[in-house]
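Start from the sequences and build out the full structure, keeping to the hints where you can.
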Amino acid sequence: MKKASTALFCFLLLAAPFSFVLPQSLVTADGRVFHTQKAILPRIGTISAGLSGSFFIRTVDYIAGGGVPDDIIQANADINVDYVMTQNLAVALTVNTLRIENRLDRLPTTTLLFSGVRLALKVGSLAVANNRIHLGGWFEVFAPFSREPNPPLMPFIMNEFGAGVNFVGSYFFDNIFPETSSGLHLNLGLRNYVSAQTIITRGVNPPIRVGNDIITLRYAFGYDTPLLIRGQTFIAFAEVFGELYITPSLQEYIYGRESFTYIGAGAKYQLLDWLWVEATGQFLVLGNRDETNYLTNLGTRPVSLVGLNYAPWRIAAGARVEFGRRIRIPYVIDEALGLYDPLVYSKRERRRHKRIMDVLDERSQELLDIFKNVRKQDSTLSGKIYYELVIGTSGAVEKIRTLVSTLDENPYSEFLEEQFAEAIRNWRFPPGSREVIFDVFKVELSKDGRLSIISAPYSEETTTKQAQAQ
Numbered sequence: 107m108k109k110a111s112t113a114l115f116c117f118l119l120l121a122a123p124f125s126f127v128l129p130q131s132l133v134t135a136d137g138r139v140f141h142t143q144k145a146i147l148p149r150i151g152t153i154s155a156g157l158s159g160s161f162f163i164r165t166v167d168y169i170a171g172g173g174v175p176d177d178i179i180q181a182n183a184d185i186n187v188d189y190v191m192t193q194n195l196a197v198a199l200t201v202n203t204l205r206i207e208n209r210l211d212r213l214p215t216t217t218l219l220f221s222g223v224r225l226a227l228k229v230g231s232l233a234v235a236n237n238r239i240h241l242g243g244w245f246e247v248f249a250p251f252s253r254e255p256n257p258p259l260m261p262f263i264m265n266e267f268g269a270g271v272n273f274v275g276s277y278f279f280d281n282i283f284p285e286t287s288s289g290l291h292l293n294l295g296l297r298n299y300v301s302a303q304t305i306i307t308r309g310v311n312p313p314i315r316v317g318n319d320i321i322t323l324r325y326a327f328g329y330d331t332p333l334l335i336r337g338q339t340f341i342a343f344a345e346v347f348g349e350l351y352i353t354p355s356l357q358e359y360i361y362g363r364e365s366f367t368y369i370g371a372g373a374k375y376q377l378l379d380w381l382w383v384e385a386t387g388q389f390l391v392l393g394n395r396d397e398t399n400y401l402t403n404l405g406t407r408p409v410s411l412v413g414l415n416y417a418p419w420r421i422a423a424g425a426r427v428e429f430g431r432r433i434r435i436p437y438v439i440d441e442a443l444g445l446y447d448p449l450v451y452s453k454r455e456r457r458r459h460k461r462i463m464d465v466l467d468e469r470s471q472e473l474l475d476i477f478k479n480v481r482k483q484d485s486t487l488s489g490k491i492y493y494e495l496v497i498g499t500s501g502a503v504e505k506i507r508t509l510v511s512t513l514d515e516n517p518y519s520e521f522l523e524e525q526f527a528e529a530i531r532n533w534r535f536p537p538g539s540r541e542v543i544f545d546v547f548k549v550e551l552s553k554d555g556r557l558s559i560i561s562a563p564y565s566e567e568t569t570t571k572q573a574q575a576q
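The numbering of the sequence shown is my numbering, which starts it at 107 and goes up by one.
Do not take every clue at face value.
[Unchecked claim] Straight-line Cα separation of at most 25 Å, DSS-like style, residue types lysine-lysine; simulated pairs: (1) Lys548 to Lys482; (2) Lys490 to Lys548; (3) Lys478 to Lys553; (4) Lys553 to Lys490; (5) Lys460 to Lys548; (6) Lys505 to Lys548; (7) Lys553 to Lys482; (8) Lys478 to Lys490.
[Claimed, not checked] Simulated DEER-style distance windows between Cβ atoms: (9) Arg238 to Leu392: 24 to 34 Å; (10) Arg456 to Asp177: 51 to 61 Å; (11) Lys505 to Ser452: 18 to 28 Å.
Don't read these hints as lab results, they were simulated from the structure. All C-beta atoms, glycine included, are put in the ideal place defined by N, C-alpha and C.
Shown next as C-alpha cells:
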C-alpha cells in the first residue's frame, strides 16, 4: 500500500496543472539533468513561476540491505521563479522542494524536502546575423540545504556549494518573430564545486573525501517548432543533453561516476494566455554501463538485480504561469484601401501585409516603454507625431522621417521624437517584391499616458508618385 501511494503521489505531482507553476527554469536545483535553454529572453518585466518534476520507477530491482528486492523509485520536484529585468538580463531562482530516492542507509527509499536552492543570472537576446542568431549565457550557484551523501542509481550529486558558467546560442528560422519561431539551440557549460573537499559519508567512518578538482562539461542540443493540430497550437521539441568529465573522473567506489547522455522529446501547450503545461520523456543513451568498484568495507555494493546504473528513462512534466507587462496598443489601419483585396494583391502579398500588421502590433510596445520613461521627466508630455515610413524589399526600414509634431517644443519632446524614430528604424518586417510606404504613420500620445497608432493612407511603390503629390 505504501508503494502504491508513493507512486500515485508522484503521478499526481507530475500530471496536475497547478495554477502557480513551471517557468523556463535553467536546471533542477537538485540534480544534474536539465532542459535545453534558448538564448532569447521574454519581454522586459515578464515574471513566471511554476513547478516542474520528473519520475522513474522500476519494480523489484533494488537489492541493497539484506538482499531483499524492493522497488527503485526516483522523483524530483522544483519550484521555479524567473524575472526578466532588462532586455538582455534575467534572474532565475529554483528551489528543490521534493526528492525521493533509494539509499543505502534508509530502505527502501527516503524523501527529502527543500534539499537545495539554485540562483542563476542569465544574459540573452544578443542578436546577430539579421536577428536569426541570438547569443547568451548564464552563471549559476548552487547551495545545498541537505548534506545527504552520494545516492546510487543517479548522476553523482555533490553535497557542497557549486558554481557553473554556461554558453547558449540559438538559431531561429523566422527572424521577424524569433519568439514564436522554430529554432535550433546549443548549450555548453563548465561546472565546478567550490568547497575544499566534498564529504561522502554513507555511514563509513572515517568519511571519504573527494577533491575539488572535478570539472564537468555540460552540453545540450535541441530543436523546437510550433505545430497546429485541429486549430490548437502546440510547441513540439526534441533534445540531446548530458554531462561528461573533462578532468580525471571520480574514484571507482563512487556511484554515478560515469558521463551520461539523455535524449528527450515532448510538447508544450498554452491552456490560457498566462498558463502553459508541458510533458516530456527522457531516455538514457550513454552511461548505462556500471563502472562502480563495489567495496563493502567502504559502503559501496551492488544495488540493482540487472546492473542498472542510471534511470533508463524519466517522465517529466509541469506547468507554469507567466505574466508580462505587455499592453495592447490600439492601432488603426484603413483596410478600406484594400490591403487584403485578392483582386489587387497576390496571396503572398496579402500574407506579407498581415505580417506587417503583426509587427506593428507587437513592436509598438517599445514605443510605449520609451514614452513612459520620458514622461517620468515631463508628465505633461502629450500630442501627436506624424512620420513617413518606408519599408524596403528586404524588410528593413529604409526611411523614417518626422513630418509634423504637435508636442510642445522642448528638449523632452525632441528627444522622444528621435527615440521613437530610432526604435522604428530597428524594426524588422517581412521582405517582399515591392516597397511598402506609410505616407502617414501617426503616433498619438494622450494626456493620461496612453499611446495609439493610426496609419493611413497605405500605399506601395506603384502609388509613390500619387502619395508624393498628396
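Next on the checklist: Would the hint linking Lys490 and Lys548 be met if the CA-CA limit is 25 Å?
Outcome noted: Given pair Lys490, Lys548 holds - Cα atoms ~7 Å apart, limit 25 Å.
Item to check | Pairwise hint evaluation, Lys548 against Lys460, where the allowed Cα distance is 25 Å at most | outcome: Holds. Lys460 to Lys548 sits at ~19 Å (cutoff 25 Å).
Checklist entry - Going straight from one Cα to the other, do Lys553 and Lys490 come out at no more than 25 Å? => result Since the Cα atoms of Lys553 and Lys490 sit roughly 11 Å apart, the hinted pair holds (cutoff 25 Å).
Checklist entry - Is the hinted pair Lys478 and Lys490 satisfied, with a Cα-Cα distance of at most 25 Å? => result Within the cut-off at roughly 15 Å; holds.
Next on the checklist: A range of 18 to 28 Å was offered for this pair. Does it hold for the Cβ distance of Lys505 and Ser452?
Outcome noted: holds, 25 Å
Item to check | Restraint status (C-alpha distance of Lys505 to Lys548 at most 25 Å) | outcome: holds, 15 Å
Checklist entry - Straight-line Cα separation of Lys548 and Lys482 no greater than 25 Å? => result OK: Lys548 and Lys482 at ~22 Å, within 25 Å.
Checklist entry - Under the criterion that the straight-line Cα-Cα distance not exceed 25 Å, is the pair Lys553, Lys482 satisfied? => result holds, 13 Å
Next on the checklist: Quick check on a hinted range of 24 to 34 Å for Arg238 and Leu392, using CB atoms only.
Outcome noted: holds, 31 Å
Item to check | Range hint compliance [Cβ, Arg456 to Asp177, 51 to 61 Å] | outcome: holds, 60 Å
Item to check | Straight-line alpha-carbon gap Lys478 to Lys553, limit 25 Å | outcome: Holds. Lys478 to Lys553 sits at ~12 Å (cutoff 25 Å).
Checked against the numbered hints given earlier, the structure satisfies every one of them.
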